[in-house]
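Visitor: Residue numbers (our numbering), protein chains in the order written: chain V, 1 to 240; chain P, 1001 to 1292.
None of these hints come from the bench; they were simulated from the model. Please note that a few of the clues may not be correct.
Just the calculated beta-carbon pair ranges, DEER-fashion [stated by the list, open to error]: (1) V:108 x P:1057: 31 to 37 angstroms; (2) P:1133 x V:119: 55 to 61 angstroms; (3) V:65 x P:1099: 24 to 30 angstroms; (4) P:1264 x V:139: 55 to 61 angstroms; (5) P:1282 x V:119: 47 to 53 angstroms; (6) P:1099 x V:108: 52 to 58 angstroms; (7) V:239 x P:1102: 57 to 63 angstroms.
Keep in mind that this is a model prediction, so the values were computed, not measured. All residues carry an ideal CB built from backbone N, CA and C; glycine is no exception.
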Amino acid sequence: MAEPQTAGAPLLEVKGLQAWYGESHILHGVDFNVRKGEVVTLLGRNGAGKTTTLKSIMGMVGKRRGSAEYEGHQTVGLTSDRIARLGIALCPEERGIFSSLSVEENLMLPPRVAPGGLTVEQIFELFPNLKERLNSQGTKLSGGEQQMLAIGRILRTGARLLMLDEPTEGLAPVIIDQIGHTIAGLKRQGFTILLVEQNFRFASKVADRYYVMEHGRVIDAFANADLEANMGKLHDYLGV
Amino acid sequence: MFNISTQALFSQLLVGLINGSFYALLSLGLAVIFGMLNIINFAHGALYMMGAFCAYFLLSIAGLGYWWALVLSPLIMGAFGMFLERTMLHRLAGLDHLYGLLLTFGLALIFQGLFQNYFGSSGLPYAIPQELTGAQNLGFMFLPNYRAWVVVFSLAVCLATWFAIEKTKLGAYLRAATENPSLVRAFGVNVPRMITLTYGFGVGLAALAGVLAAPINQVRPLMGGDLIIVVFAVVVIGGMGSIMGSIVTGFALGLVEGLTKVFYPEASNTVVFVIMALVLLVKPAGLFGRTA
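Taking the hints into account, I'd like the entire structure generated from these sequences.
Guide: The following block contains the structure:
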């Protein structure tokens, strides 16, 4: 496969990563990397292993093999709370808003893992809706607002690698645009983002590079500039 | 239609409030433990009994009285609970409820058996502390100071626990981890340590109830076994895992029991179970329970 030219040492280097949920072997050796300040997108059909890849990096699957180094720290073998403290944060696909917590409690829940996170005021500038609904129950928010809350709460923590799992899934176009602007803004502020998306039209507005996954492996990679040239292949891969 | 003296009515209501205090403290601990560990802690009654024995030993061996016991017994038993969690309960994480139930039931039988072996079934006396002897004449009844203390103190502890869980940052971690422990852990929180501390806290509440009960009911190896069956009924009625639900239901059912003793004494031991059956028929998740 044609690996795009990489400059500088990667922030996240994944090599031969394998993962299991109980007895089922989901990842069969995943290889990719993310450099500081990049937005990298994992594409692939349902069940290709994209979500499992994010969860494996975060230490949330049963068994892992292989290597996933963040800033030179090996994360395979660490528990997920230790991995989080290295500066990695996950916004899960199901959003993971806690129903027994208010919006404010949800927002303030993740502990600070490093200095340099956004202030609550900066988060409200990104997502003004949250400010008006601080005392609501977390799950009483609309789907879009829940997604903003799920992204907002990990911006506070000082984590520098944000892993966003299908942040646009099931949302209205106007909200998708807002999330797209947010991701572009975060990139300008120096955050590194690993994105999982089905919607590559959305991804193409923010991503620097793509990896395509199938059957628990990375099978292709290309830069955003080569997206048009790879459109044909991509349609085959994704079956769209 | 009923020929009841106000004195009998109020004294039974007081007994009901006292019992309700113990129901509330114990079912609160069970609710907290169930929420975090997903374990139905059948050892709760035995740990309550051990809390009372702890007070007894502190007095007879170390010469430390009631007020010391009120602080030390929950701490000692809480530490013992954390030991149980780390060495045993911890291994059952992710398994069916049944395993936790069997393990804690077995532990309860072992603890009760051990204490029965050394102390028999009759009670050991434990005196009411000097400061709380005597009674107030309220006009319509005499209110023993110690009983008033038990009700007020239990209520204060229950409300403080509710506040800590529902209104503080630590409580937010606890509630979040009850819903989705793996995500809370992925935010960088040491959830296993929280689980150990939670179990220790629940056991500490049981031990506190044991110390409060010691001057009223004496210290007996079976004191917890008798009580815990009713407490489980209280938990079922209130709804598993609801904090305020377990407090309100605990006190309310104590009062219902007391009233039944006045109006229809024959049913006083069964009324809680009748209510439990009715609640299960009408609202299986319990009065305050959230259906999952």
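Visitor: Hint by hint, note whether the structure agrees.
Guide: Comparing the hints with the structure gives:
1. At about 44 angstroms, the CB distance of residue 108 of chain V to residue 1057 of chain P disagrees with the hint of 31 to 37 angstroms.
2. Between residue 1133 of chain P and residue 119 of chain V the C-beta distance comes to about 57 angstroms, which sits within the given range of 55 to 61 angstroms.
3. Restraint check, residue 65 of chain V to residue 1099 of chain P: a C-beta distance of roughly 29 angstroms satisfies the suggested window 24 to 30 angstroms.
4. One distance hint, 55 to 61 angstroms for the beta-carbon pair residue 1264 of chain P and residue 139 of chain V, is violated here, with the actual separation near 45 angstroms.
5. With their beta carbons about 49 angstroms apart, residue 1282 of chain P and residue 119 of chain V fall inside the hinted range of 47 to 53 angstroms.
6. Range check, residue 1099 of chain P to residue 108 of chain V: Cβ separation about 35 angstroms, and the 52 to 58 angstroms hint is violated.
7. In this structure the hint that residue 239 of chain V and residue 1102 of chain P lie 57 to 63 angstroms apart at CB is violated, the actual value being about 49 angstroms.
Hint violations for this structure: numbers 1, 4, 6 and 7, all remaining hints satisfied.
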